[in-house]
Amino acid sequence: GENVEQHPSTLSVQEGDSAVIKCTYSDSASNYFPWYKQELGKRPQLIIDIRSNVGEKKDQRIAVTLNKTAKHFSLHITETQPEDSAVYFCAARDAGNMLTFGGGTRLMVKP
Amino acid sequence: DVKVTQSSRYLVKRTGEKVFLECVQDMDHENMFWYRQDPGLGLRLIYFSYDVKMKEKGDIPEGYSVSREKKERFSLILESASTNQTSMYLCASRTGSANTGELFFGEGSRLTVL
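Protein chains in written order, with my numbering: chain C, 164 to 274; chain U, 41 to 154.
These are computed hints drawn from the structure, not numbers from a lab. Keep in mind the model is a prediction, meaning the values are calculated, not measured. One or more of the hints may lead you astray.
Stated by the list, open to error - If you want the footprint, here are the derived chain U segments under chain C, 3+ residues with CB under 8 Å:
id, segment
1, 76-87
2, 146-152
To be verified - Straight-line distance between alpha carbons at most 20 Å, and here's what the computed SDA-like set of lysine to any residue pairs gives:
id, chain 1, residue 1, chain 2, residue 2
3, C, K200, U, F144
4, U, K53, U, E119
5, C, K205, U, E119
No residue lacks a Cβ here, since even glycine has one placed at the ideal position from N, Cα and C.
Could you put together the complete structure from these sequences and hints?
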């Protein structure tokens, strides 16, 4: 089955700096890569996703890039704000439509 | 507004007890899922269901069972709780369309087994 690895497990940045979270996947047939954000005590929510036919997608301060050849994808957050502090999960959906999640990254944005 | 509701936010049970975790969604979604969330391990799939009375094992089904008697309700059952089942349990639902991948999660049920 699919295996998704996520790094780093924790990330601390100063407000205004950029943050990058990286994930690798094992199944070359995976075709959809969402990112979920889970604020403390809250439910995970989808913040951005990318499909395998696209290399990059942006939504305001967040962007996701995908390198199918290398089987890795990354989340980029620019101009970080304290409200970006959360746990972020990457995931990959395989050809059987099943999602496999990475281990999560705890992002802390220091004011 | 989409809504996935889990019946209990916090539960404390004793080893050997039977535990029911219930989840209800109001979006008429075909697919429902139970995940377990542990630090550093992300979200691991326990069981899922594509339709009423249908269930499929996920990655870590041992020690769990599920029930889906109605489309909107998906229950997770721990027949005999053990301390290693202490965790956060998340229910999620998703439309059956293959083009829409978004999972809608409940707020979670934190189970402690003593």
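Right, here's what the structure says about each hint:
Three residues within the 8 Å Cβ limit are the bar, and the segment 76-87 of chain U against chain C gives 7, so the coverage statement holds. Taking a C-beta to C-beta cut-off of 8 Å, the segment 146-152 of chain U contributes 3 residues in contact with chain C, enough for the three needed, and the coverage statement holds. Annotation: proposed proximity of K200/C to F144/U holds, straight-line Cα distance about 12 Å (limit 20 Å). Between K53/U and E119/U, the direct Cα distance comes to roughly 12 Å. Compliance with the 20 Å bound is thereby established for this hinted pair.
For the given pair, K205/C sits about 28 Å from E119/U by alpha-carbon distance, which is inconsistent with the 20 Å threshold.
Checked against the numbered hints given earlier, the structure breaks only hint 5 and satisfies all the rest.
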